[in-house]
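Trainee: Below are the chains, spelled out letter by letter.
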Amino acid sequence: MLGFIIQRFLQAVVVMAVMSVIVFCGVYAIGNPIDIVIPPDATQEIRAEAIRRLGLDRPLWEQYFIFIGNLLQGDLGRSFVYNIPVLELIGGRLPATLELVLISVITATVLGVSLGIYAGYRPDSWLAKTIMAVSVLGFSVPSFWVGLILILTFAVNLGWLPAGGRGDTVLIWGVPWSFPTLDGLAHIVLPALNLALFKLAMMIRLARAGTREIMLTDTIKFARAAGLSEGTILRRHLLKLISIPIITVFGLELGSTLAFAVVTETIFSWPGVGKLIIDSIGVLDRPVMVAYLILVAFLFVTINFVVDLVFALIDPRVRHGASA
Amino acid sequence: MRQSTPLGRFWAEFRENRVAVVALVVVVLMSLLAIFAPLISPQNPYDLANLSLLDARRAPGFVGSGGYAHLLGTDPQGRDLLSAIFYGLRISIQIGLAAGLVALTIGASLGILAAYLGGRLESLIMRIVDLQLSFPAILLALVLVALLGQGKAQLIGALVAAQYAYFARTAYGAAKAERGKDYIEAALATPLSGRVVILRHLLPNCMPPLIVVATVQIANSISLEATLSFLGLGLPVTEPSLGMLISNGFPYMMSGRYWISVYPGVALIILIVAINIVGDQVRDQFNPRLRK
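So the sequences go chain by chain: C and V.
Here the first sequence is numbered in our numbering, starting from 1 and rising by one per residue.
Here the second sequence is numbered in our numbering, starting from 1001 and rising by one per residue.
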């Protein structure tokens, strides 16, 4: 088992190193950031001075090693545009994204599992068929389009909910959060719904498939024979049995929902990390782009590493197959 | 008599699902609209001489300076939206098809080679593919488009890089299963070259699952391209795809001029959903477990 952990850990480190080179070189290739940093009427001296100060006059490999050296000390550079440390910039935007993503994934899971269990428990009812038909739509319709329709319906036509921004926030431990205030909650409903709908379809399908399979097993037969009510069977036995794959997917989806938040945050002008990266790409703010991509890569490599380990703990075939 | 050929049997079974047939008709119709857009559009939306800002942002049914009614209204540049949608379909389908087919070729080659050769190359290729599959395609495409810059070729490249891994996985799975069967062993025992065995025996038997993935992935490329264009990272403004038309109309939606975004969006959704329904039916027909 220890060998397996070390092997996977080394793999993760190699992947991170390769990712950092690709990201750094790739981001270096776009545009000339110096034109954004200094005004066009600046003299040649100011220009040369700015290039030197930002370290852009050194060879690419040297810039990379300086970057890695700083990275290992927790310094990801300063934003060209905001002129504050990138980590501070991203850290300041992170709570907004986390809040949005967590609320969406939890909503999607609770709603999706309930609807999915119903659809699996009574597969022939008209409601179950409707749920499944709608979930097919959820798979095909692009997320940004759903966001537009939500804004058009609830913000423009009905005027019930605001179309963008974060609303009033409350400071908890020095970090602003939207969900404790009524205005903040009103602002979070549409973007969270947009992001949740994207995951809902999958949760429904997962819960439905699990329910259909488990309802046919002996566990349920014996529980029924023992005279337990249907409600107790569903709550006590079925929910427990289908929860294992759902928890796995919940963890994996947290990461991909973070990625999709880029789209939702842009539509709803939600001031999170996703909006930051799109804005940074627009103005070629290189340090922010590099830092964001490295952090996302790190997040995914970590999630995969943890998932690998958990699977290896549960299933001995995985760890023996890998060490052979 | 048509029942006798495999294709005829396939079609006979396909025909039984009315919804799928309607979806197929929609896909064909939309492709025809895209192909013949320059002939049937009331206006060439990219010819600036045709456009007048006086006609901009007019509601559906408005009769503009061209002397004809704009059935779906006009956009902020005074383009006839119906014509812009036809041309947008052209670009969206073009990019979706190109990205899907290139990804299919690259992915299938990698997957089949990995399964055929085995050994270190197999584990190397599949390790990379699996790693990539754990990243969301949207993020990968977003990053690549940001890195490569704007343009059709760059966009297709980014979409291919984001999607080839699905084809590689599918092809690998199918080829690995076929590789162990007796007919491949028998073919390998003859003096046929490896190339011939792969192309004549292995590849054709891996095609059914690849066709299914291809339909779904073409729909996905179209949707991804629209998302990227909506975020302002896709094509240059001179070639508006459906996604960019939607994006252009977004700022005007707040003031109630819904049609600029909504109609191109409806066209996009109909196209994607129709392709997915056709893909679903094909998948069901290829799946022996669902066979009666």
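Please note that the accuracy of each hint is not assured.
Chain V is faced by these chain C residues, among others (derived, beta-carbon under 8 Å) [said to hold, decoys possible]: (1) V13; (2) A17; (3) V134; (4) G138; (5) L254; (6) A259; (7) T266; (8) S269; (9) I278; (10) L293; (11) V296; (12) L299.
Keep in mind that the hints were calculated from the coordinates and are not lab data.
Glycine included, every Cβ here is placed at the ideal spot set by N, Cα and C.
Trainee: To test your reading of the hints: which numbers does this structure violate?
Mentor: 1, 2, 3, 4, 5, 8, 12
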